[in-house]
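Participant: Take the sequences, apply the hints, and build the full model.
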Amino acid sequence: MERVSPVISAPAMAPNRPPIDWAGIIFTALLSAAIVLPLIVVGTWAFTEVWRYPNVVPQQFGLRFWNQTLTRADVWSALTISLQLSTVVTLLSAAICLPAAYAFARMDFPGRTVLFFSFLAGHAFPKFGLLIAIAAIFLQLNLIGTFWGVVLIQLVGTLLFMIWIPVAAFQSVDRRMEEAARDVGASPLRVFWSITLPQAGPTIAAAVLLSFVGTFYETEGAWLIGAPGIRTMPVLMISFINNQMVIQYGAVLSVMLWVPSFIALMFARRVIGGGAFARGFGG
Amino acid sequence: MSVLKISEVSKIFAGPTVAVDKFSLDVADGELVCLLGPSGSGKSTLLRMIGGFERPTSGLITIDGEDITHQPPEKRPTGMVFQSHALWTHMNVFKNLAFGLKLRRLPASEIKQRVEAVLELVGLAGYGGRGVNQLSGGQQQRVALARSLVLEPKILLLDEPFASLDQHLRERLREEVRDIQQRLKITTLFVTHGQDEALAMADRIVVMRDGRTEQVDRPDIIYREPQTPFVAGFIGTMNLVEGEVSNGHFKRAGFAVDMPIADGPAVLAVRPEALDLTAAEPGTARVHRVTDYGTHGLVDLDLRDGTRLKSMVAHPDLFKPGQGVDLRPQAVSAYRDNQRAYRS
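Sequence order for the protein chains is A and B.
In terms of the working numbering, the first sequence is residues 1 to 283.
In terms of the working numbering, the second sequence is residues 1 to 344.
FYI, nobody ran anything at the bench for these hints, they're computed from the structure.
Backbone N, C-alpha and C define an ideal beta-carbon position, used for all residues, glycine too.
Accuracy of the hints is not assured; some may be wrong.
[As the list claims (entries may be wrong)] Far from chain A by the CB rule (all over 12 Å, computed), these chain B residues:
1) Asp21
2) Asp67
3) Arg104
4) Asp220
5) Gly294
6) Phe319
[Claimed, not checked] The calculated lysine to aspartate or glutamate pairs, modelled on DMTMM-like cross-linking and capped at a C-alpha distance of 20 Å, are:
7) Lys5/B / Asp64/B
8) Lys95/B / Glu152/B
9) Lys102/B / Glu179/A
10) Lys310/B / Glu242/B
11) Lys154/B / Glu66/B
12) Lys75/B / Glu179/A
13) Lys154/B / Glu179/A
14) Lys154/B / Asp26/B
15) Lys95/B / Asp21/A
16) Lys95/B / Glu179/A
17) Lys185/B / Asp203/B
18) Lys154/B / Asp179/B
Facilitator: Now the structure itself:
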C-alpha cells in the first residue's frame, strides 16, 4: 500500500484542485470596480461636509446635509408621490399586461406577431421625441401637471417589460403540467390559478419588480408631463443639482433613492430565487 | 367494471393530415391493451382523444356505455400518465397526489389516508414531503402513476411512460406497473413504440400504422402469426424476402421454398430462429458476419443477389465469414397484397 499510494494520489488529487481562473477573477474585479466604486464615492459624499482636492479621504464627515434635506417638505412630498406613482403604475400595468401576455403566449389571433413586436416600438425611437408628441396630446386633454397624466406616460415605459417577460414565463410553462391538472379534474380557470400562475410566478414577479423600480427612477416622462404640479424624487434631484452645485444634496438624494430598490432587490432574492431573471429574458 | 369502446374514431389535423383513421377497439374490463406502432402512427393522438385532450373529428368513445366523446378532460373518468411525468414542481409529492382529491372536496383525513395508501402501493411510502425535483426519474414516474391511481379512474391511460428512463429501470418499472394493474384490475391503455414493452405487459396488442389498425391480438399470436408484412417486420426480427412464386415454389436468387399458392409475386417471412443453416459449397448463400451473443449466435447471410438475411444459430463457432451455406427454413409465412397468403 505504502509504495503504491504516491503514484495513485497524484492524479487522484488533481480534480480537487481546479486551475485558478485568472480571466474570471480579473473580469469579476473589473466588473465590481465599475459597479461598486461609484456607489462608494456617492455614499461617502452623502456623509461628507468638507472634501477638497487633493485629499483622498474627506476632511470632515457629518450629517448636516441629511438634516437640510430631510427637513424640506418638498423632499417628503416627492418621495410620497414617487412611491404612489410606482405602486399605481405597477398595479395598472400588471392588470393590463398580464392577461395580454397570457393571450400572446397561448392564443392565436390575427396580427399577433405584429402587435407583439409593436411593444418594442416605444423603445425603438428616441424616447424624448415620443414624449414631446404625447405631451402635445396631453396638453389638449388637460393631463399636463396631473398625477394621472404621469401615470399614463409611465405606463408606456413599463409595457415592454410587463409584456415580454411574462410572455416568456407563460410560454415556458409545460403544457403537459396543465393537461395533467385538467386530467385530475381541474377546470381551465383552476388550472391557471393553481398550475400556470405558480409556475410562471417567480419570473412574473421579476417583471413586476423591474417595472416598479424602473417607474420609480423614470425621469424624462415624469418631468415633461408632471411639471410643475407633480415632482417625483428623480425630478427633484435634478432641480436640486441644477439650482445649486452642491454635490452632497445629490448624494443624499441618491442614497435615499437606493432604499426602495435595495428593499425590492432583497425581497426579490427571497421570493424569486436564482435563475428567474435569466429565465424571464429567455435564458 | 369498466369497458372502453372506441367506434370509428377519426382525427384529421389541419393540413389536412389524417392522424387517426376510423379506428375501432373494445377494451374489456381489467384488460391491459398496448397501442404499438412507429412514430406518427397515431397512437398518442388516439390516447389523447380518449383522455379528452384532442377532439375526434368523427366517431364515438364510450366508457361503460356513457358517451364521453365531447366531454372535457376534467369530467372524464380517465387518468393519464404522461411521458414527461408532468409533475407540478411547485408542489411536493403529497400535494401532487392530493390536488385531485381536494378538487373533489374530500375531507382532509380521507385525502391523507388515500394518498398514503397509494404511495405505499407504488413503493414510495414516506416520500410525501419530498419535492418532486428531489426524486430520481423512476421515482418521478411512480409519483405520476400514483397521481392518476389515487383518483381511482375507470380507465388508466399511459403515454409512453417509460420512454425517458434507462433500459434497466424501464424493465423494472414495467413489471411493477403490470403488477399494480393486475392487482387493481384497472382497465388500461398503454401507448409505446417499444415492442419489448408491449410483448411483456399487454393482454392484447394493437399494432398501428398510419392511424389504422394493422392487427389486434394476444402478444404471442402477434409474434407468431403476423397478419401483414408490416406487423411481421415491426415485431421482433424478421427476414422479409420479396420473390416470385411459380409452380408451387417461392424463388429468389437461387433460394427456393415450397409454397403451394397461385403463381405471382409474394413476400416470404421467416424468423432468424426458424432459419437453419448447413455448411455447403457453393451453397445458396454466403456468410457475411457471425456475432456471438453468448447464449446464441446471429449469422448475417447474403443471397447471390446480395439480399441480406439473418439466422439464429446455437453454435456460432461452426460458421465463418465467406463460407457457403444452404438454408432450411422451418416455418415460413408469405404475404401477397398486404395479406397473409400462406403459412407452413
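Participant: Hints numbered earlier in the text: which of these fail when held up against the supplied structure?
Facilitator: 3, 15
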